[in-house]
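From just these sequences and the hints, can you work out the full model?
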Amino acid sequence: MPIFHALANPARFQKLARPLTPLCFWAGVALALFGCWAGLTRTPADYLQGETVRILYIHVPCAWLGMGGWSALALASIAYLVWRHPLAAVAARAIAAPGALFAGLCLVTGSIWGRPTWGTWWQWDGRLTSMLLLFFVYIAYIALSRADAERGGDGRIPALFGVAGTILLPVIRYSVIWWNTLHQGQSIGLTGSTIAPSMLWPLWFTLSGFSLFFAGLVLMRMRAMLARQKVEARMRRMAAV
Amino acid sequence: MTSRMKPKHQRLVLACLALFATLGAGGLALSALKDEAAFFYAPADVAGDLPSPDRAVRLGGMVEKGSVHRLGDGVSMNFVVTDGKASVPVRFTGVAPDLFREGSGVVAEGHFRPDGSFAADNLLAKHDERYMPPQMAGKMAPEMTRPQ
Amino acid sequence: MNPWPFVSAAYALTGLGAAGIAWVSWRAMRRAERAAEALRRR
Chain H
1 MPIFHALANP
11 ARFQKLARPL
21 TPLCFWAGVA
31 LALFGCWAGL
41 TRTPADYLQG
51 ETVRILYIHV
61 PCAWLGMGGW
71 SALALASIAY
81 LVWRHPLAAV
91 AARAIAAPGA
101 LFAGLCLVTG
111 SIWGRPTWGT
121 WWQWDGRLTS
131 MLLLFFVYIA
141 YIALSRADAE
151 RGGDGRIPAL
161 FGVAGTILLP
171 VIRYSVIWWN
181 TLHQGQSIGL
191 TGSTIAPSML
201 WPLWFTLSGF
211 SLFFAGLVLM
221 RMRAMLARQK
231 VEARMRRMAA
241 V
Chain Y
1 MTSRMKPKHQ
11 RLVLACLALF
21 ATLGAGGLAL
31 SALKDEAAFF
41 YAPADVAGDL
51 PSPDRAVRLG
61 GMVEKGSVHR
71 LGDGVSMNFV
81 VTDGKASVPV
91 RFTGVAPDLF
101 REGSGVVAEG
111 HFRPDGSFAA
121 DNLLAKHDER
131 YMPPQMAGKM
141 APEMTRPQ
Chain A
1 MNPWPFVSAA
11 YALTGLGAAG
21 IAWVSWRAMR
31 RAERAAEALR
41 RR
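Residue numbers (UniProt numbering), protein chains in the order written: chain H, 1 to 241; chain Y, 1 to 148; chain A, 1 to 42.
Hint data in this document are derived by calculation from the structure and do not stem from the laboratory.
Incomplete in silico selection of chain A near chain H, CB under 8 Å:
1) M1
2) P3
3) F6
4) Y11
5) L13
6) G17
7) A22
8) S25
9) W26
10) A28
11) A32
12) A35
13) L39
Straight-line Cα separation of at most 30 Å, DSS-like style, residue types lysine-lysine; simulated pairs:
14) Y/K34 to Y/K85
15) H/K15 to H/K230
16) Y/K8 to H/K15
17) Y/K65 to Y/K85
18) Y/K8 to H/K230
Idealized CB from N, CA, C, for every residue including glycine.
Right under this line is the structure:
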C-alpha cells in the first residue's frame, strides 16, 4: 500500500513517469521488433499450418493486451472507487484507447489467420464473438468516459462500467474450454505450453515487448491528461481572478 | 462490525465483492449458455435425436482415418466425422480448405438427412492448440490422432 | 494457398496500428506538456 500512496502523488508520479516513458516505450519497441524478426525467420514452420503459424507471434500479444488491458482498467477503476484518487481515474482512461486498439488488432490478425487455416474470415463462435464484444465494450467505455468528462462528472459512472465489463474476461478465457468452438483451445497455461519450444521462444519477446510498449503508451496518455488538467485548472483560476 | 469500518474499507470490501460477483456472473452465463452457444453438434450430441433436416446446422469432430473417398465427379467426397463416441457419414460437394486432413478436426456446415447422414455445403478446418515443427510431428504421429 | 500475403498483411496492420497510436499519443503528450509549461512560465 505505501507504494500506491507514493505513486498517487501527482508530482511524484510525474517525476517517475518522465524517465519511465521513453524507457518502457523503446525497450518495448526493441523487444517486439526482435521477437517479430525471430518469429518470421528463426523458427520452423508448423507441421500442419506451415508458415501461416507465424501470425501467432503478434496475434497472441494483441489478445493478451486486449484482455490484460481491460483487467488493468478494471483494477484502476476499483482503486478510484475505493480510494477516490483522481490518478487512478486518469490511469483507467489512459488504458482504454490502446486496449481497444489491441483488441481490434487481435480480431483483425485472427481473421487474417483464419482465412488460410480454417477457411473462413469470420465465424460467430464463442471465442470470436466474446472478443468482439470486448472490443465494443472498450468503445462504449471510451464514449462514456469522454461524455462524463465533458459534462464535468467525477468519473464514477465510467469506473462502475469498467468493473462491470470484467464479466467478459472469464467468458473469453473459458469459451474455448466450456463451449465447443472453431477456435482451438488454450496453448499456454500455468502448467506449460502445447507449442514446441523451438517455436515458442520468440513469443516471450513479443509478449514482453508489446506489454512494455503498451505501458509506454499508457504513461504518455496519462501525462497528456494530467498536463491538460493542469492547464484547465490554471485557466479557471485566471478567469476567476 | 461494518458500522465500525472506515468508509474507505467499506468501499474496498464492496468493490471486491462487486468484482467477484461480476466475474462469477460471467462464469455462470458461460455454463448456462453451454448448449445455446455451442458452435457445432458433435456426433454424440445427435446420436439420439437428429436436428430437423430443414435446419442449417454445423457438425464438428475428427475426420476418421481412411474414411475420405473422392467421388468420380471430382468435386464431391464422402467421409466420416467422429468424436470417439459416435460417428456420422458426411457427403460434401465443393472445395475443402487446405487444412482438411484425415485424422484432423473439421466443422461441416449443412443439414442432416433423415437417414442420419449429413449433407455439407461448406467445410471449415479446425486445428488443435498444439504447434510443432514437422520433424517433431512425425515422431509423435500416433498421438496426433487423439480425438479432441 | 500462399501463406505469405496473409502473414505480411497481419504484421503490416499490427505495425501500422502500433505506430499510429504511438504517434498520436506522443504528439498529444508533447502538446499538452508544452501548454502547461508555457502557462507556468507566464
